[in-house]
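Q: Build the full structure now, drawing on both the sequences and the hints.
Single-letter residue listing:
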Amino acid sequence: MSRVILEVDHLTKAFGGLLAVNDVSFQMYEGEILGLIGPNGAGKTTLFNLVNGVYKPTRGHVRFLSQEITGLPPYEVVKRGLARTHQIVRPLNEMTVLENVVVGACFGAENLGLEPAARVAEEVLAFVGLAEYRDTLAGKLNLALKKRLEVARALAARPKLLLLDEVLAGLNPAEVERMLGVIRRIREQGISILMIEHIMQAIMSLSDRVVVLNFGQKLAEGKPEEVASDPRVIEAYLGDPEMAKKILEEEA
Amino acid sequence: MKLFARPFFWLIVAVTLLYALLPTLGQNVTLRETLVLSAIYIILAANLNLMIGYTGYVNFGSIVFFGLGGYLTLWLVGGHHWGLYPAVLLAGAVTSLLAFLLGIGVLRLRGAYFALATIGINEAVKDFVANFDPWGGAEGIFLPFTAFKAMGGPGKALWTVYLLIVLVMGLSLLVAYLVKRSKFGLGLFAIREDEDAAMVLGVKAPLFKTLVYSLSAFLPAVAGGLYFFKNGSIIPDEAFNLHLSIEAIVMVMLGGQGTVTGAAVGAALYERLRGLLLTIPGLSNFHLVIAGVLLLLIILFAPGGLMGWLYRAWPRLRRVLE
Amino acid sequence: MPEILASVLDGLLIGLVYGLAAIGLTLIFGVMDVVNLAHGAVIALGMFAVYLLFGAGLHPYLGLFVVALIGLAFGVVVYLVAVRPIINAPPLMTLLSTFSVSMIIIGVGTAVWSTSPYNVNFPVTTLRILGYTVTSARLVAALAAVLVTGFLYYFLYRTTLGKAVRAVANNREAAELMGIPSQQILAISFGIGTALAMLSGALIATLFPFTILSGGIYELKSFVASVLGGLGNPTGALFGGVILGLIEGSVAPFIKISWTNVIEFVIFVLILLFFPTGLFGGRR
Ligand SMILES: Nc1ncnc2c1ncn2[C@@H]1O[C@H](COP(=O)(O)OP(=O)(O)OP(=O)(O)O)[C@@H](O)[C@H]1O
Ligand SMILES: [Mg+2]
Chain A
20 MSRVILEVDH LTKAFGGLLA VNDVSFQMYE GEILGLIGPN GAGKTTLFNL
70 VNGVYKPTRG HVRFLSQEIT GLPPYEVVKR GLARTHQIVR PLNEMTVLEN
120 VVVGACFGAE NLGLEPAARV AEEVLAFVGL AEYRDTLAGK LNLALKKRLE
170 VARALAARPK LLLLDEVLAG LNPAEVERML GVIRRIREQG ISILMIEHIM
220 QAIMSLSDRV VVLNFGQKLA EGKPEEVASD PRVIEAYLGD PEMAKKILEE
270 EA
Chain B
220 MKLFARPFFW LIVAVTLLYA LLPTLGQNVT LRETLVLSAI YIILAANLNL
270 MIGYTGYVNF GSIVFFGLGG YLTLWLVGGH HWGLYPAVLL AGAVTSLLAF
320 LLGIGVLRLR GAYFALATIG INEAVKDFVA NFDPWGGAEG IFLPFTAFKA
370 MGGPGKALWT VYLLIVLVMG LSLLVAYLVK RSKFGLGLFA IREDEDAAMV
420 LGVKAPLFKT LVYSLSAFLP AVAGGLYFFK NGSIIPDEAF NLHLSIEAIV
470 MVMLGGQGTV TGAAVGAALY ERLRGLLLTI PGLSNFHLVI AGVLLLLIIL
520 FAPGGLMGWL YRAWPRLRRV LE
Chain C
3 MPEILASVLD GLLIGLVYGL AAIGLTLIFG VMDVVNLAHG AVIALGMFAV
53 YLLFGAGLHP YLGLFVVALI GLAFGVVVYL VAVRPIINAP PLMTLLSTFS
103 VSMIIIGVGT AVWSTSPYNV NFPVTTLRIL GYTVTSARLV AALAAVLVTG
153 FLYYFLYRTT LGKAVRAVAN NREAAELMGI PSQQILAISF GIGTALAMLS
203 GALIATLFPF TILSGGIYEL KSFVASVLGG LGNPTGALFG GVILGLIEGS
253 VAPFIKISWT NVIEFVIFVL ILLFFPTGLF GGRR
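Residue numbers (my numbering), protein chains in the order written: chain A, 20 to 271; chain B, 220 to 541; chain C, 3 to 286.
These aren't lab readings, by the way, just hints derived from the structure by calculation.
Treat the hints with care, as some may be off.
Distance ranges between label pairs, derived from CB positions [what the hints assert, rightly or not]:
| id | chain 1 | residue 1 | chain 2 | residue 2 | range |
| --- | --- | --- | --- | --- | --- |
| 1 | C | Lys258 | B | Lys368 | 34 to 42 Å |
| 2 | C | Arg168 | B | Trp229 | 44 to 52 Å |
| 3 | A | Gly132 | C | Arg168 | 24 to 32 Å |
| 4 | C | Tyr156 | A | Asn191 | 52 to 60 Å |
| 5 | B | Ala521 | C | Lys258 | 41 to 49 Å |
| 6 | C | Pro183 | B | Pro353 | 32 to 40 Å |
| 7 | C | Leu60 | B | Leu426 | 56 to 64 Å |
| 8 | B | Gly330 | A | Arg82 | 30 to 38 Å |
| 9 | A | Pro92 | C | Thr137 | 52 to 60 Å |
| 10 | B | Glu358 | C | Arg168 | 47 to 55 Å |
| 11 | C | Val136 | A | Pro92 | 16 to 24 Å |
| 12 | A | Gly132 | B | Lys368 | 23 to 31 Å |
| 13 | C | Pro183 | A | Gly148 | 55 to 63 Å |
With a Cα cut of at most 25 Å, we get these calculated SDA-like pairs of lysine to any residue [as the list claims (entries may be wrong)]:
| id | chain 1 | residue 1 | chain 2 | residue 2 |
| --- | --- | --- | --- | --- |
| 14 | B | Lys402 | A | Thr155 |
| 15 | A | Lys75 | B | Leu426 |
| 16 | B | Lys423 | A | Leu156 |
| 17 | A | Lys179 | B | Ala312 |
| 18 | B | Lys402 | A | Ser85 |
| 19 | B | Lys221 | A | Asn130 |
| 20 | B | Lys402 | A | Arg177 |
| 21 | B | Lys423 | A | Tyr74 |
| 22 | B | Lys423 | A | Gly50 |
| 23 | A | Lys98 | B | Thr243 |
| 24 | B | Lys221 | A | Arg153 |
Beta carbons are placed, not taken as given, at the ideal position from N, Cα and C, and that holds for glycine.
A: Structure, rendered in structure tokens:
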């Protein structure tokens with residue numbers, strides 16, 4: 020297999036007494052799409068926050084392309100080529116869609132000046148299908164478009180690894196299809212993807228491998244079909260009524 | 220960016236020349252005294268706008284820079300016989316450096332906490348200076364008459380200083396414009412919208428905030444030096460007048476935060492309005508009330524200020540009037 | 003030594019009054035995240051209210067009850083006009099709108115009373131307690147501050163309305179889901195905060211001469227006291243006020259009185275920087 024791009028090593032985060040992420044370790048390889056799943060509150064988003072430096076871990080390490088990035092602030096992490104999206108979208112409301120993406124390009128891995136950044140931004144907007152909204156204020160977009168904007172900003176940073184936090188949640192089936200297309204094309208560009216998703220079908224069809232979190236701990240890891248048939252995983256999801264319902268709906 | 224190709228650049232030049240020439244041509248001292256206040260307000264508002272409008276940090280005590288610049292200048296000129304030019308430049312540099320150091324600390328605070336801390340800083344400095352004997356304590360510093368001699372006597376010195384203040388005004392507008400159109404400015408606007416998201420996008424927020432805080436101190440400090448030199452004296456209550464600090468916020472809001480034109484027009488309008496209210500008999504007692512009501516109306520009904528309103532009416536103005 | 007103790011005792015007593023003013027400020031912040039920049043102007047209004055009532059023949063201590071009612075009503079009006087429309091806007095907006103209220107109050111006050119000093123001239127006796135001399139006015143002011151605070155706590159913890167105030171302070175959305183009319187609670191809270199400010203002003207007016215601008219310094223002291231105690235924490239604010247009073251009392255015999263302000267503001271900034279939730283923890 021190819022080079023290890025991300026190594027999460029005994030990572031732990033405590034919020035007071037709550038261990039939101041508890042001694043989680045895994046590796047991911049260049050070019051891979053790794054799915055991160057788990058019931059609500061399992062600690063998936065917290066893990067992202069630890070990886071990209073929003074939180075400092077209580078214990079453990081994060082290595083990116085063999086470099087230690089544990090505890091670096093987020094703006095340093097993105098400069099090294101690791102970008103992310105937010106589960107709860109955070110558009111820069113009073114700025115246009117284009118300006119939002121230019122921020123991503125300017126302060127991303129390539130540290131571009133305004134003019135080259137604008138070119139990159141236009142390119143990325145076309146890529147995710149936001150070109151027609153370039154001059155709209157970001158706050159005025161609907162949720163589906165805001166999710167695409169999240170992806171566009173992260174892509175504009177020219178990352179080697181992209182963390183996607185539930186970019187499909189809240190989208191209608193047509194929008195989901197569209198986003199799936201975008202994700203596939205991102206992978207074709209050679210960008211590795213670590214994605215959190217609740218929509219099982221999507222994660223099963225896209226991911227090369229899947230890591231399952233439950234109550235902050237790693238419950239399972241492996242090929243999608245292995246994980247899906249793992250009784251512990253099924254139990255974890257059935258323990259979460261909402262999730263069980265979602266799975267049943269998808270089966271139907 | 221080709222600066223000379225931008226109409227807005229020439230607009231700044233034109234306004235600056237207008238301020239410089241209007242009173243000079245007819246040697247009109249009354250007009251000069253009106254415009255000097257107007258220019259000072261524009262300087263304060265334009266620089267405060269870097270914090271409030273661009274970065275989203277509400278500096279309630281921005282006047283502390285103006286006051287410190289004034290004190291440092293008068294102390295150097297009056298006590299140590301420095302020339303005015305090196306004195307104001309050093310005063311600006313020192314104040315800016317102090318702001319940088321202070322900023323490292325206070326800019327970790329957000330929202331109301333930051334606003335309160337800036338009030339605290341201004342009051343702490345004011346009370347300190349009022350007790351600080353080398354700077355004359357509560358009596359402040361008086362410039363000896365001889366200080367003006369080097370500049371060809373008081374009459375000539377006042378005109379020179381006026382032109383210098385107008386120059387600082389032009390520079391303030393230029394800096395505000397250049398920052399707005401720069402990568403640095405883009406980072407600041409991102410911080411204003413959502414600081415955490417900006418950091419995730421790669422904006423080095425702690426550094427950016429500290430730099431802009433420090434930058435927003437420099438020209439007001441120079442202006443403070445010039446202004447109090449022109450007055451010939453300085454006392455703590457005038458140098459660190461919290462009220463003026465908050466009036467500067469009103470000017471920025473009135474014109475429209477985050478825009479260069481807005482801060483300038485807001486400041487000029489506010490000065491006119493204040494002057495008008497003070498001179499109309501019967502109203503002079505109520506000028507504070509009217510200003511208060513005006514502020515309240517802006518906040519409740521036109522939070523984008525004048526520019527916000529203009530932009531909505533003519534969206535294309537956004538590209539011309541920055 | 004005895005003079006120092008007497009000065010410290012004086013400081014303690016006046017500190018309780020600062021504390022009362024600070025509670026008004028911190029209560030409003032705790033319930034709705036609004037820093038009320040009209041606080042000082044309202045304190046000054048309290049001073050003039052008791053002065054006017056005294057002029058109409060009401061003893062200042064009886065006047066306090068009327069002042070509290072006026073404060074409550076006035077606060078509700080200010081809330082409805084200047085705060086409610088922008089309660090969910092960024093903090094700058096409420097800072098500015100309350101400041102505009104301050105400008106209006108000070109402006110009208112200056113037009114009516116100018117900025118010259120007034121005082122409430124009523125008979126005051128001096129008492130000797132444990133060998134120290136205190137004026138009855140100071141003692142009563144401190145006692146009144148303590149009583150009002152006790153009353154406030156009774157209200158917040160023992161009455162349905164008070165519990166609703168605490169629920170809204172804790173989490174406005176959750177409180178709304180439970181059926182608490184949050185807008186009314188916010189209005190009442192603003193009214194109570196304003197009443198406390200006016201009461202503290204009225205008490206100060208029984209001690210010192212005052213002008214329409216006198217509120218400013220007490221507003222700043224209220225900031226310092228409430229930040230010391232943790233913004234949003236009423237008990238903390240009271241202690242913060244006492245700490246301020248004690249600092250003033252204990253340094254007064256040794257240094258020029260004007261240095262105490264420097265000390266207070268430096269402490270204020272340091273606390274904000276290093277203990278932003280105050281010495282006693284913010285937000286209850
Ligand atoms: N900043 C924080 N402070 C305290 N607790 C937190 C914080 N962030 C998350 N938590 C807690 O940590 C746990 C994990 O949260 P996290 O958001 O990582 O879950 P998740 O797996 O992303 O869930 P979801 O699928 O709902 O997005 C939850 O119990 C959450 O309440
Ligand atoms: Mg999540």
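Q: Now tell me, hint by hint, if it's right for this structure.
A: Going through the hints against the structure:
no.	hint	in the structure
1	C/Lys258 <-> B/Lys368: 34 to 42 Å	holds, 36 Å
2	C/Arg168 <-> B/Trp229: 44 to 52 Å	violated, 59 Å
3	A/Gly132 <-> C/Arg168: 24 to 32 Å	violated, 53 Å
4	C/Tyr156 <-> A/Asn191: 52 to 60 Å	holds, 54 Å
5	B/Ala521 <-> C/Lys258: 41 to 49 Å	holds, 47 Å
6	C/Pro183 <-> B/Pro353: 32 to 40 Å	violated, 59 Å
7	C/Leu60 <-> B/Leu426: 56 to 64 Å	holds, 60 Å
8	B/Gly330 <-> A/Arg82: 30 to 38 Å	holds, 36 Å
9	A/Pro92 <-> C/Thr137: 52 to 60 Å	holds, 57 Å
10	B/Glu358 <-> C/Arg168: 47 to 55 Å	holds, 50 Å
11	C/Val136 <-> A/Pro92: 16 to 24 Å	violated, 55 Å
12	A/Gly132 <-> B/Lys368: 23 to 31 Å	violated, 50 Å
13	C/Pro183 <-> A/Gly148: 55 to 63 Å	violated, 45 Å
14	B/Lys402 <-> A/Thr155	holds, 20 Å
15	A/Lys75 <-> B/Leu426	holds, 19 Å
16	B/Lys423 <-> A/Leu156	holds, 24 Å
17	A/Lys179 <-> B/Ala312	violated, 42 Å
18	B/Lys402 <-> A/Ser85	violated, 31 Å
19	B/Lys221 <-> A/Asn130	holds, 21 Å
20	B/Lys402 <-> A/Arg177	holds, 17 Å
21	B/Lys423 <-> A/Tyr74	holds, 16 Å
22	B/Lys423 <-> A/Gly50	violated, 29 Å
23	A/Lys98 <-> B/Thr243	violated, 53 Å
24	B/Lys221 <-> A/Arg153	holds, 24 Å
The structure shown violates the earlier hints numbered 2, 3, 6, 11, 12, 13, 17, 18, 22, 23.
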